[in-house]
Amino acid sequence: GAVVSQHPSWVICKSGTSVKIECRSLDFQATTMFWYRQFPKQSLMLMATSNEGSKATYEQGVEKDKFLINHASLTLSTLTVTSAHPEDSSFYICSARATGVNTEAFFGQGTRLTVV
Amino acid sequence: AQSVTQLGSHVSVSEGALVLLRCNYSSSVPPYLFWYVQYPNQGLQLLLKYTSAATLVKGINDFEAEFKKSETSFHLTKPSAHMSDAAEYFCAVNLGGSQGNLIFGKGTKLSVKP
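Protein sequences appear in the order of chains A and B. Start counting the first sequence at 10; every next residue gets the next number (this note's numbering). Start counting the second sequence at -9; every next residue gets the next number (this note's numbering).
Just chain A, same shape as in the assembly (with noise of 0.2 Å):
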């Protein structure tokens, strides 16, 4: 299958600090890719969709201010944690999906991030 590749794998961060974790398609074009938040123990929660070269498209209750999410081309979006606090410690996984109908979205390997 498609590769998706997501960096850093974990990060730790001091309170008041912004922090970006990129995703990557290695080998295809992803039109579409998406942000989720995984709480310990719970399911994955969807942030954000975001088309290349549009602005993204927040769920109800996530701060776009906050959670910042850029798609500026086709193999690269990136989320940008701003002002994190210890609350925003979370597991954060992209996925991404080409054109076309019925594509599988492929997911990264997610980023553990810990704000201290």
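One should not assume that every hint holds.
[Claimed, not checked] Calculated pairs, DSS-like style, for lysine-lysine (alpha carbon to alpha carbon, straight line, at most 27 Å):
1. Lys99(B) to Lys48(B)
2. Lys75(A) to Lys64(A)
3. Lys73(A) to Lys96(B)
4. Lys75(A) to Lys48(B)
5. Lys58(B) to Lys48(B)
6. Lys59(B) to Lys48(B)
7. Lys73(A) to Lys29(A)
8. Lys50(A) to Lys99(B)
9. Lys50(A) to Lys96(B)
10. Lys64(A) to Lys50(A)
11. Lys103(B) to Lys59(B)
12. Lys50(A) to Lys103(B)
13. Lys39(B) to Lys50(A)
14. Lys59(B) to Lys99(B)
15. Lys23(A) to Lys75(A)
16. Lys50(A) to Lys73(A)
17. Lys23(A) to Lys50(A)
18. Lys73(A) to Lys23(A)
[Unchecked claim] Sample of chain B residues lacking proximity to chain A, with all beta carbon distances greater than 10 Å (derived):
19. Leu(-3)
20. Ser18
21. Ala44
22. Thr45
23. Ser60
24. Met73
25. Leu92
26. Ile93
27. Gly95
28. Val102
None of these hints come from the bench; they were simulated from the model. The C-beta atom is built at its ideal place from N, Cα and C for all residues, glycine as well.
Knowing the structure of chain A, use the given hints to seat chain B on it.
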């Protein structure tokens, strides 16, 4: 609205025993259904998917699932559990179309006893 319910947050089986993980869905349109596996601190790996073709879907690692419209179910099975199958399993429904996102169930943790 589409939703997914996974019955049982934790299932424990013995090595070599049958694995049955339950998933029921709710959808106002013909659904696309998926099963994913997640190992600790990793992303999701697709096990299998149903996209309106054959109702019995075979996936990787001898997993399979059967789409039953009358029961609105898509249960995941494996004839013989292996220690390496211990992981978290998620059932998901696609809202449809090339831009549809996935709605996930809450997950079922599978433990395999030696």
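Hint check:
no.: 1; hint: Lys99(B) to Lys48(B); in the structure: holds (21 Å)
no.: 2; hint: Lys75(A) to Lys64(A); in the structure: holds (15 Å)
no.: 3; hint: Lys73(A) to Lys96(B); in the structure: holds (25 Å)
no.: 4; hint: Lys75(A) to Lys48(B); in the structure: violated (41 Å)
no.: 5; hint: Lys58(B) to Lys48(B); in the structure: holds (15 Å)
no.: 6; hint: Lys59(B) to Lys48(B); in the structure: holds (17 Å)
no.: 7; hint: Lys73(A) to Lys29(A); in the structure: holds (14 Å)
no.: 8; hint: Lys50(A) to Lys99(B); in the structure: holds (9 Å)
no.: 9; hint: Lys50(A) to Lys96(B); in the structure: holds (9 Å)
no.: 10; hint: Lys64(A) to Lys50(A); in the structure: violated (31 Å)
no.: 11; hint: Lys103(B) to Lys59(B); in the structure: violated (33 Å)
no.: 12; hint: Lys50(A) to Lys103(B); in the structure: holds (20 Å)
no.: 13; hint: Lys39(B) to Lys50(A); in the structure: holds (23 Å)
no.: 14; hint: Lys59(B) to Lys99(B); in the structure: holds (25 Å)
no.: 15; hint: Lys23(A) to Lys75(A); in the structure: holds (16 Å)
no.: 16; hint: Lys50(A) to Lys73(A); in the structure: holds (25 Å)
no.: 17; hint: Lys23(A) to Lys50(A); in the structure: holds (24 Å)
no.: 18; hint: Lys73(A) to Lys23(A); in the structure: holds (21 Å)
no.: 19; hint: Leu(-3); in the structure: holds (14 Å)
no.: 20; hint: Ser18; in the structure: holds (18 Å)
no.: 21; hint: Ala44; in the structure: holds (14 Å)
no.: 22; hint: Thr45; in the structure: holds (16 Å)
no.: 23; hint: Ser60; in the structure: holds (23 Å)
no.: 24; hint: Met73; in the structure: holds (21 Å)
no.: 25; hint: Leu92; in the structure: violated (7 Å)
no.: 26; hint: Ile93; in the structure: violated (8 Å)
no.: 27; hint: Gly95; in the structure: violated (6 Å)
no.: 28; hint: Val102; in the structure: holds (18 Å)
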